[in-house]
Structure formats: structure tokens, C-alpha cells
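Order-wise, the sequence lines are chains Z and U.
Residue numbers 1 to 470, in this note's numbering, belong to the letters of the first sequence in order.
Residue numbers 1 to 303, in this note's numbering, belong to the letters of the second sequence in order.
Hints listed in this document are in silico derivations from the structure and should not be mistaken for laboratory results.
Each residue gets a CB set at the ideal place from its N, CA and C atoms; glycine is no exception.
There could be a bad hint or two in this list.
As the list claims (entries may be wrong) - Far from chain U, some chain Z residues (derived; all Cβ distances over 10 angstroms):
#: 1; residue: 21
#: 2; residue: 24
#: 3; residue: 135
#: 4; residue: 191
#: 5; residue: 219
#: 6; residue: 223
#: 7; residue: 233
#: 8; residue: 236
#: 9; residue: 244
#: 10; residue: 324
What the hints assert, rightly or not - According to the in silico footprint, chain Z covers these stretches of chain U (three or more CB under 8 angstroms from chain Z):
#: 11; segment: 135-146
#: 12; segment: 155-165
#: 13; segment: 169-175
#: 14; segment: 189-196
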Amino acid sequence: MSAADTLADRFDRFEDTPRWLLDVGLIAATMGSIYLLFTIFTFVGPAGGTFGTVVANLQTITFWTALYAMMVLALNLHWGYTGLFNIGVAGFMAIGVYAFAVLTVPPTGSPPGLGLPLWVGIIGGMLAAALVGAVTALPALRLRADYLAIVTVALSEIIRLTLLSTKFESFTLFANLDYEVRGVEILPDVALGTGAGRGMNIPVNPSIPVKSIFYTNPSNPAAGERTAVGEVVLGAFVNAGVRETVVVSLAYTLLLIGVVALFYWLLVRVGNSPFGRVLKAIREDELVANSLGKDTRMFKIKVFMLGCALMGLGGILWEAQRGFTDPTSTTFRPIQTFYIFVALIIGGAGSNTGSVLGGALFASLLFQGPLFVSRILSHLLNLGDTPSSFAAAIGPVFALEVGPLLAYAAGNIEELRFVLLGVVLVYLMQNRPQGLLGHRKEVAASVPLIDRDGNRPRDAAAADGGEGDE
Amino acid sequence: MGVRAMSDTSPAGEGGEPATTGEDRPTEATGDGTAETTAGEAGESPGPSELVVEDLVKRFGGVTAVDGATFEVEEGSLTGLIGPNGAGKSTTFNCITGVHEPDGGSVTFRGEEITGLRTARIANRGLVRTFQIARELEEMTVLENLMLSPQGQVGETLSHAVLPGLRGRVRDQERDLREEVWETLELFEIDHLAGEHAGNLSGGQRKLLELARALMTDPDLLLLDEPFAGVNPTLEEKLLDRIHGLRESENLTFLLVEHDMDLIMDNCEHVIVMHQGSVLAEGPPEAIRNNERVIDAYLGDEL
Numbered sequence: 001m002s003a004a005d006t007l008a009d010r011f012d013r014f015e016d017t018p019r020w021l022l023d024v025g026l027i028a029a030t031m032g033s034i035y036l037l038f039t040i041f042t043f044v045g046p047a048g049g050t051f052g053t054v055v056a057n058l059q060t061i062t063f064w065t066a067l068y069a070m071m072v073l074a075l076n077l078h079w080g081y082t083g084l085f086n087i088g089v090a091g092f093m094a095i096g097v098y099a100f101a102v103l104t105v106p107p108t109g110s111p112p113g114l115g116l117p118l119w120v121g122i123i124g125g126m127l128a129a130a131l132v133g134a135v136t137a138l139p140a141l142r143l144r145a146d147y148l149a150i151v152t153v154a155l156s157e158i159i160r161l162t163l164l165s166t167k168f169e170s171f172t173l174f175a176n177l178d179y180e181v182r183g184v185e186i187l188p189d190v191a192l193g194t195g196a197g198r199g200m201n202i203p204v205n206p207s208i209p210v211k212s213i214f215y216t217n218p219s220n221p222a223a224g225e226r227t228a229v230g231e232v233v234l235g236a237f238v239n240a241g242v243r244e245t246v247v248v249s250l251a252y253t254l255l256l257i258g259v260v261a262l263f264y265w266l267l268v269r270v271g272n273s274p275f276g277r278v279l280k281a282i283r284e285d286e287l288v289a290n291s292l293g294k295d296t297r298m299f300k301i302k303v304f305m306l307g308c309a310l311m312g313l314g315g316i317l318w319e320a321q322r323g324f325t326d327p328t329s330t331t332f333r334p335i336q337t338f339y340i341f342v343a344l345i346i347g348g349a350g351s352n353t354g355s356v357l358g359g360a361l362f363a364s365l366l367f368q369g370p371l372f373v374s375r376i377l378s379h380l381l382n383l384g385d386t387p388s389s390f391a392a393a394i395g396p397v398f399a400l401e402v403g404p405l406l407a408y409a410a411g412n413i414e415e416l417r418f419v420l421l422g423v424v425l426v427y428l429m430q431n432r433p434q435g436l437l438g439h440r441k442e443v444a445a446s447v448p449l450i451d452r453d454g455n456r457p458r459d460a461a462a463a464d465g466g467e468g469d470e
Numbered sequence: 001m002g003v004r005a006m007s008d009t010s011p012a013g014e015g016g017e018p019a020t021t022g023e024d025r026p027t028e029a030t031g032d033g034t035a036e037t038t039a040g041e042a043g044e045s046p047g048p049s050e051l052v053v054e055d056l057v058k059r060f061g062g063v064t065a066v067d068g069a070t071f072e073v074e075e076g077s078l079t080g081l082i083g084p085n086g087a088g089k090s091t092t093f094n095c096i097t098g099v100h101e102p103d104g105g106s107v108t109f110r111g112e113e114i115t116g117l118r119t120a121r122i123a124n125r126g127l128v129r130t131f132q133i134a135r136e137l138e139e140m141t142v143l144e145n146l147m148l149s150p151q152g153q154v155g156e157t158l159s160h161a162v163l164p165g166l167r168g169r170v171r172d173q174e175r176d177l178r179e180e181v182w183e184t185l186e187l188f189e190i191d192h193l194a195g196e197h198a199g200n201l202s203g204g205q206r207k208l209l210e211l212a213r214a215l216m217t218d219p220d221l222l223l224l225d226e227p228f229a230g231v232n233p234t235l236e237e238k239l240l241d242r243i244h245g246l247r248e249s250e251n252l253t254f255l256l257v258e259h260d261m262d263l264i265m266d267n268c269e270h271v272i273v274m275h276q277g278s279v280l281a282e283g284p285p286e287a288i289r290n291n292e293r294v295i296d297a298y299l300g301d302e303l
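This is chain Z alone, in the form it adopts within the complex:
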């Protein structure tokens, strides 16, 4: 019996507690444990443990947790709920980010954009990702599931390489169409661009509204002054030893947590409905769903577009907030899709709470954890310089000297992380393929179908009253 099974048994004791409260408790307990671990890491780490360093490190962990939770939730809608094997997540993120950038970058920028407001960019980015999703999905969804996988992974690479192409570095729309009506050109030339390999500056981005809470000149805090709120909040934190940039990032992380909560709410609602029931049926056996009169193609297209829109939004909040993007960013590489899948598998495909947990565990223990551990090892063991080659690291082992090998491992931790990921995946596949919460019965209905004793819910009004949904 694995740890997670015993955990599930423990939960049976709380059967009178509403489900959502349990889920919130589970996420809070997980995050609490992760925070405790990283607080300890901070204290034993090279920078030492002060309020400032603890807040900075926990901020980093929460930031990555929120980003991954967001993406895993979106993927859970595709893969966990509907069984659509989308392995082009990074591509849809890229579409969202670039559509956002092209819409919001001012016409004077280099490359130039349309200079539209932030919210237009966000909606446009989501729509663009959804449309590209629909175009991809339309032919592939008619075929077997594997074809969707092939099409999506190919698409994500096509998108990345297209963005790298100098053909689109900067170009002018309607340059050859000079129709005039009464002296006014009806299709004025529009200069656009993706910047290709040079990348794109994104001055109007989701971090700006957050920064504007603290600074009068959010695009360039140094040039302006602090606002009244900024004066109070930043002042207090800085006095407590937290760096100013950490506080601003913390505020942005809070925004991300809000978006995760929104995704969660949306997906729970989608899942707990007749719509979600059809999605589950498609995952289980599409022919049965068809035979029961469900036009599964429409459902698949809708859900694919919705998931892609969420991935586009996730991409914008992930990548565009940096103020700069380029196609070589790791955010857009296929490995990103793999990371998100690993996180979903850890948490349990098909469970939204599991998705958040998977995002948290992946981001903290697998993604950031090894970096922390490596720094701590180098610091505590005084490992010194990283040997330049594996031979130089392994040689001294025969003289019973493991220091250079450890230093080599610590110095190459980013690569070793892949090995760790592989080991975790193999372990999970063999011992808990359904993930932490994958086999939980998350019933797809908007009302409880069964009462706590396994009987027909007799008093409908009373049974539903406790849900507090509407």
C-alpha cells in the first residue's frame, strides 16, 4: 500500500467535510510542507536564513508553482478529462504570447506592433491560440487519438521555427494594396513583426498593472517615484530585509494565484456538468458516446479550443510578463510540454486538485529543488570548482575521493534534473500510474447523484443545499 493510498484512507475520516474544503486543505497542507522544506533549505543554504532570503525563496517556489499549476490545469482539460493527447502545449503558449505581443507593442517599437491596450492583447492572444487549436484539431480530431499527438507536436515545432524565421522579422501588411476612396487609403499599410531571433520587446505586459500599484512609472520604476501604496508596502518590506524586486514579484505571484483559482473554478464547473460528462465519455470510449447520441466531434473541438485559449493565456502570464520574448526561450521548447505532462502525471490526470498538486510538487521538488540542493551541497561540503570533464570527476573516486564527483554533479545539476525526472516517471508508471489523485471519483454532474450512504438522494433540496454553489 503506497503512501497516497493511506492518505486517501485518512480522508475517508473527513467524509462530513465538504469536498472543496478538503481539496483546499490538501493543497494548503502540500504547500505548507513545501514551504517548510524550502525554509530549511534557505537556512542551510549559502545565503543564510533571514526573513528576506526566506521570502525571496518562497516567492520563487510559489511563482513557479502557480505557473505550472495554471498550465497543468489547462492540459488536464485536454488530456485528463477528454483524453486528447495534446503534446504541443508549448506551441499554443507561443501563439498566445506572440499574438499578445503583436497586438500590444506600440507602432514605434522594433519590431513594430499595433499598440492596442493590454486587455485587447490578452483576449486576442487567447483567441489566436483557440483558433490555431481549432485549425489543428479539425482534421486530426476525426482520426485516431495518436494523430492528434503527432499533429500537435509537429505544430508546436512549426510555430517555434516559423517565429525564428527572418521572413517575419518585420513586414508590412497591405503594402501592395493601395486602394483609395476619395483620397483616403482604405487599407493603410500596417507594419508588424516578430523580431525573429532578435526577439521582441513587450513594453505593455501583464506585469505593468502590478507594477503600477507601486510605481508612478511602471515601465521604468527607476525613472519615476513610488506611489502611496508603494511607499507603505515597499517601505515595510524593505525595512524587514526583503529586496524591492522580490516584493514586486510577490505581488505578481499573487495575481497568478488568482488566475490559478479562476482556472480551477472554471474547469471544476466544466467538469461537473453534463458537458464534462460527455468529455469523460469521449476519454473512456468515444464510440459509446456516439452511440448514445453525443456528437463527440463538436465536443472535442469546443474543448480543444477552450484548453488552447487557456494555454495561450498561461503563456502570456508566463512569458510576456518578462517584457521580452524570443523563440529560443525554454518556455516554447518541446521540453516545456514534457514538463507540464510530468506535472499532470504526478498529480493525477483527470483531477483538477491533482493538477494543482502536481504543478506544485513538480515546480518545487523536481524543477527548483535540485538547484537548491546543489547550491546547498556546494556550500556545505565546500566542493570547490566543478571538474571540467566527467573523467576528471570520476578519476579521484578510485582513490576514494568523492568530492570532485559531487562537485561535478552539483555543477551539472540542470542536466541531472532530467535523470531525476526520468526516474520519477518510471517509478510512477510502475507504482502509481494514475498519479496522486487520479483514481478519485470526481463525479461529473452539477448535483450530487448519490448520498453519503450510497443511496438515492431522497430530499433533493436538502442534499443540494450543502453544496453552496449558487
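Given chain Z, put chain U in place with the hints provided.
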């Protein structure tokens, strides 16, 4: 049986006139015999054909699985479709229900041609099938399996599922559906399994669930592919009672593939024998039992 109540929200065309749906359907035919009552309802002595299959052809590579099959199924009847393995019975089912597109011929359901329509559209019209090997939605509970069936659920649109203002209607409808689903579960005596994942059910229980799920769609014609394989005799008896009951109360039509000859002979009023992709013989059970060609091809001498 309240299973019908859903159909008045069905999008399948008959929208404005609730006369054909819901509780308005004549259900008085309970007391006296079956055949006369159903014929009486239809207004003619030989019931009109619910399903007409004409010259149906389906090839898989070099194999012609169905080779010009032609037969009719009368409204309100319980028709048996028998034949040796590989005779094309299941392929015929697949062609009728749109799982396979036939290479030739036509299928007409209630006077409208449905050849080549998508499976879901055919099911929307009231022609629903079960599978030879029960196909359960394993990671869904028994309740979810049944809740899936009713046609025209408002909550199946994304906007109704998500938007706060519209979700109230979804919940109201789901409460009503929940009642029907529990009634059906009790009827099939699998209510003690309501919260189980369908994947945990035994073979026989799966067959029951599959039949219950098909009935929850509120069909007019049910194609049952070996519904009693693996079901114990008492339960089989009960299911047959249920089938006959539905024919009386809702004028449901059944087309049944089955290998148990006694069952076919005792329950069907019309039997179609398929052999090598086409119809070898058809007629009342007694005639089939004594048909030389049928005995040679399928029944053998022991009957």
C-alpha cells in the same frame, strides 16, 4: 417509467409539437395481448415498418461481410436476428447505426433514410444499439454512465455548463434526470452499485448497465447485440419481462441478435436468419425452425 420525459428538450427537429413525446404517449396498453394492441395503435393490421434495410453491402478488403442483406423490422415487434458466426450480424448493426458506412444499399428508419448519417445523429433519432462485448465507460460511475444517456440535456452546451445564470436550469434538469436514473437502476437491480466505477462491475452486471444505459436514451428502436450473454437465467427472465413490458407501454421496437435458440423461438414473433452476409430466410419462429436451409446452415439437426 419516466425515461421519456427528456425528449421534449431534444434538439432533433420535433421541437414545437410535444404530442409525440413525454407523458402524452399512450400507455394504456397494459392489460390485454401484445400484438393486437400495438397493431391497433398504429392503425393498420400489419404494423408499419420501423426499420427497412435494403440491399445492404459492406466490404472489408476482400471480405464481403454483408452482401445484399434486405429485411424489415415492424414497429413494436421483437425481431430476432440469428446466424452462424461471421454471418454479418454485427456488421449489419454497425452499418445501420452509422459506425460503418455501407458500400451499398440503404437503411430507412421511420420513413426517413439514414444511410451514411453519423452515429450520434442516428441515435438522436431514436435508433440506439448495445454492443456485443459490453463497452462500459470504466472510469465513470454507474450513475454517470446512465446520466450520460438522456438526449438533449441543456447542460451539454459549454455556456450552460459554465455561466452562473444558466447553470440553475442545468441543475434542475439534472435533479429530474437523477430520479429517472435511480428508478432505472432499481428496475435493473443494480442500485447497490450506483457509486461504483463501471470498470469494477462483473460481466453480467456490465450487460445490465449497457441495456439500462441504452434505454435511458429513450429510443424507439433498440438494437441489442447478444444482450444475454453472461447473464444468469433469473436475470435473463427479468430482462425479457422488462423488454416485453416496454413494448407494451412505450411501443418500443427491438431487434435482437442472440445465439440462444430457445430464447429466440420463445420470445420473438419474427426471425431473420443471416448467412454469409445475406438473409437466408425470415418468418415466424415455427417456420424458421422447420426451414431446411436454416437447419443446414445454422441450427443443425438437434432442434
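The hints, checked one at a time:
{"no.": "1", "hint": "21", "verdict": "holds (21 angstroms)"}
{"no.": "2", "hint": "24", "verdict": "holds (20 angstroms)"}
{"no.": "3", "hint": "135", "verdict": "holds (19 angstroms)"}
{"no.": "4", "hint": "191", "verdict": "holds (37 angstroms)"}
{"no.": "5", "hint": "219", "verdict": "holds (35 angstroms)"}
{"no.": "6", "hint": "223", "verdict": "holds (43 angstroms)"}
{"no.": "7", "hint": "233", "verdict": "holds (33 angstroms)"}
{"no.": "8", "hint": "236", "verdict": "holds (38 angstroms)"}
{"no.": "9", "hint": "244", "verdict": "holds (40 angstroms)"}
{"no.": "10", "hint": "324", "verdict": "holds (34 angstroms)"}
{"no.": "11", "hint": "135-146", "verdict": "holds (count 9)"}
{"no.": "12", "hint": "155-165", "verdict": "holds (count 8)"}
{"no.": "13", "hint": "169-175", "verdict": "holds (count 4)"}
{"no.": "14", "hint": "189-196", "verdict": "holds (count 4)"}
Checked against the numbered hints above, the structure breaks none of them.
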